[in-house]
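Could you build the full structure based on these sequences and the hints that come with them?
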Amino acid sequence: QKEVEQDPGPLSVPEGAIVSLNCTYSNSAFQYFMWYRQYSRKGPELLMYTYSSGNKEDGRFTAQVDKSSKYISLFIRDSQPSDSATYLCAMSAASGTYKYIFGTGTRLKVLA
Amino acid sequence: DGGITQSPKYLFRKEGQNVTLSCEQNLNHDAMYWYRQDPGQGLRLIYYSQIVNDFQKGDIAEGYSVSREKKESFPLTVTSAQKNPTAFYLCASSIWGAGTGANVLTFGAGSRLTVL
Chain V
1 QKEVEQDPGP
11 LSVPEGAIVS
21 LNCTYSNSAF
31 QYFMWYRQYS
41 RKGPELLMYT
51 YSSGNKEDGR
61 FTAQVDKSSK
71 YISLFIRDSQ
81 PSDSATYLCA
91 MSAASGTYKY
101 IFGTGTRLKV
111 LA
Chain H
1 DGGITQSPKY
11 LFRKEGQNVT
21 LSCEQNLNHD
31 AMYWYRQDPG
41 QGLRLIYYSQ
51 IVNDFQKGDI
61 AEGYSVSREK
71 KESFPLTVTS
81 AQKNPTAFYL
91 CASSIWGAGT
101 GANVLTFGAG
111 SRLTVL
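Taken in sequence, the protein lines are chains V and H. The opening residue of the first sequence carries number 1 in this note's numbering; numbering runs sequentially from there. The opening residue of the second sequence carries number 1 in this note's numbering; numbering runs sequentially from there.
Just so you know, these hints were derived from the structure itself, not from any lab. Among these hints, one or two may not hold up.
[Said to hold, decoys possible] In silico EDC-like pairs for lysine to aspartate or glutamate, Cα to Cα no more than 20 Å straight-line:
(1) V:K2 with V:D66
(2) V:K99 with H:D59
(3) V:K99 with H:D54
(4) H:K9 with V:E45
(5) V:K2 with H:D54
[Unchecked claim] Restraint ranges, calculated between C-beta atoms of paired labels, are given here:
(6) H:N28 with V:S82: 24 to 32 Å
(7) H:I51 with V:A112: 45 to 53 Å
(8) V:Y51 with H:K83: 33 to 41 Å
(9) V:S40 with H:G63: 24 to 32 Å
(10) H:G16 with V:E57: 36 to 44 Å
(11) V:R107 with H:K9: 36 to 44 Å
(12) H:N53 with V:P81: 40 to 48 Å
(13) H:S80 with V:A112: 45 to 53 Å
(14) H:D38 with V:E45: 17 to 25 Å
(15) H:S80 with V:S40: 24 to 32 Å
(16) V:S40 with H:F12: 13 to 21 Å
(17) V:P81 with H:R44: 44 to 52 Å
The C-beta atom is built at its ideal place from N, Cα and C for all residues, glycine as well.
Take a look at the structure:
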């Protein structure tokens, strides 16, 4: 079993839709959770960073962490064609660590 | 603007050749990393370095080598011993230590290596 599971997609939605992207994990020691966006042939860029459980909102993006279910989500409201990218979840157990576990990424297509 | 510069963006290599990928950062980050990205797989750590003149193997270090002679630079050499080197290589950096931001990786734009 992989430490982090992420549906690869592709996920196609119409412009303006609410998008839900998810990752499940098995290691209860994970405390730091990140979402990265990666455009084709580019490096990942950080979208959201969350510590422990709870919600965090930044503009059209909301990150949720449910540690009891070992489940994290990224919601995108009012999705735009420019949101079309691969979204990677990542997590680590400690601050100041080299060990980050990445999901395989979900490809999102927002149709105009 | 601060960031990470990787070069070259595209690289072709014949079998049996060593190639070196460049990674330079001006973020004043202590830690630097090399990841490999393959379709259908999460990013896999090749090497990382917390300080100058020190580096550690990651999960898939075989067939790769690195150096860290300057804080800003962390070049990766893909040697002929790497059996399947065709991949997208990503360099990253971060603050090292406890506190907010210590777990935030900043990535370069990547280098795509193709073995002919």
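Hints, verified against the model:
1. V:K2 with V:D66: holds, 19 Å
2. V:K99 with H:D59: Roughly 10 Å between the alpha carbons, so the hint for V:K99 and H:D59 holds.
3. V:K99 with H:D54: Between V:K99 and H:D54 the Cα gap is close to 17 Å, so the pair holds against 20 Å.
4. H:K9 with V:E45: Holds, at roughly 17 Å.
5. V:K2 with H:D54: violated, 30 Å
6. H:N28 with V:S82: 24 to 32 Å: Once the Cβ atoms are compared, 31 Å apart, the range 24 to 32 Å for V:S82 and H:N28 holds.
7. H:I51 with V:A112: 45 to 53 Å: Cβ of H:I51 to Cβ of V:A112: about 48 Å, so the range 45 to 53 Å holds.
8. V:Y51 with H:K83: 33 to 41 Å: At 39 Å between Cβs, range holds.
9. V:S40 with H:G63: 24 to 32 Å: holds, 27 Å
10. H:G16 with V:E57: 36 to 44 Å: violated, 52 Å
11. V:R107 with H:K9: 36 to 44 Å: 22 Å Cβ-Cβ, so the 36 to 44 Å window is violated.
12. H:N53 with V:P81: 40 to 48 Å: Distance hint for H:N53, V:P81 holds at roughly 47 Å.
13. H:S80 with V:A112: 45 to 53 Å: holds, 47 Å
14. H:D38 with V:E45: 17 to 25 Å: Given range 17 to 25 Å: holds, Cβ gap about 20 Å.
15. H:S80 with V:S40: 24 to 32 Å: The hint (24 to 32 Å, Cβ to Cβ) holds, given that H:S80 and V:S40 are roughly 30 Å apart.
16. V:S40 with H:F12: 13 to 21 Å: Given a distance of about 20 Å, which is inside 13 to 21 Å, the answer is holds.
17. V:P81 with H:R44: 44 to 52 Å: violated, 31 Å
The structure shown violates the earlier hints numbered 5, 10, 11 and 17.
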